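Model the full assembly from the supplied sequences, consistent with the hints where possible.
First to last, the sequence lines map onto chains B and F. According to our numbering, the first sequence is numbered sequentially starting from 1. According to our numbering, the second sequence is numbered sequentially starting from 1.
Calculated from the structure, these hints are not laboratory results. Since we're looking at a predicted model, the values are computed, not measured. One or more of the hints may lead you astray.
[To be verified] Going by beta-carbon spacing under 8 Å, a handful of chain F positions derived as facing chain B: (1) Ser49; (2) Asn91; (3) Phe101.
Glycine included, every Cβ here is placed at the ideal spot set by N, Cα and C.
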Amino acid sequence: SQTIHQWPATLVQPVGSPLSLECTVEGTSNPNLYWYRQAAGRGLQLLFYSVGIGQISSEVPQNLSASRPQDRQFILSSKKLLLSDSGFYLCAWATPPNRDEQFFGPGTRLTVL
Amino acid sequence: RKEVEQDPGPFNVPEGATVAFNCTYSNSASQSFFWYRQDCRKEPKLLMSVYSSGNEDGRFTAQLNRASQYISLLIRDSKLSDSATYLCVVNRGANAGKSTFGDGTTLTVKP
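Structure (structure tokens):
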């Protein structure tokens with residue numbers, strides 16, 4: 001069965017510091033991968049998605065970037081965090097036959113101080 | 001106007017009640033629709049897909065009305081464990097993978 005891992009679970013970072021969040025998927029190949037952010041009490045905002053190694057699509061301009069160095073690895077990064085980057089970061093995957101059904105990792109709760 | 005809109009609630013119902021949530025979407029080209037459940041400070045989990053013909057899974061029934069561009073979720077015989085936030089999700093195109101999430105409707109089931 002497929003599993004998805006995210007780490008760390010929680011993170012407190014100062015403004016201006018760098019960020020690297022990692023997501024890995026097991027038990028599937030060639031998944032679509034997604035990064036979402038959820039602000040407190042709000043819905044999910046799609047940040048990036050990837051249909052293959054090295055292929056990244058950005059949904060909104062922001063202080064973040066994403067990379068997919070391996071088929072089942074998706075990384076979210078920032079060179080300098082802003083206060084507004086605080087939130088709950090969720091990685092998700094989807095695979096055939098129905099790439100529309102997405103399954104989420106446990107998330108990383110980021111607080112920028 | 002938001003692409004996907006839900007009544008935020010909260011809905012407070014007694015155990016055993018029937019409760020219904022509605023969700024409207026603005027993009028008429030949307031292809032697939034889902035309901036997710038999210039517990040406090042946890043990741044969303046897929047509850048059910050929503051098909052044009054309507055579909056049922058135990059106490060849960062989902063329906064789609066393409067003409068009016070809304071989907072609904074009906075929960076019968078509510079349990080305490082149904083307390084959660086329910087997210088409506090609309091995908092912009094077949095297998096495009098880009099989903100838009102509503103802000104969610106919060107349900108609290110009380111004894």
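Against the structure, the hints:
| no. | hint | verdict |
| --- | --- | --- |
| 1 | Ser49 | holds (7 Å) |
| 2 | Asn91 | holds (5 Å) |
| 3 | Phe101 | holds (4 Å) |
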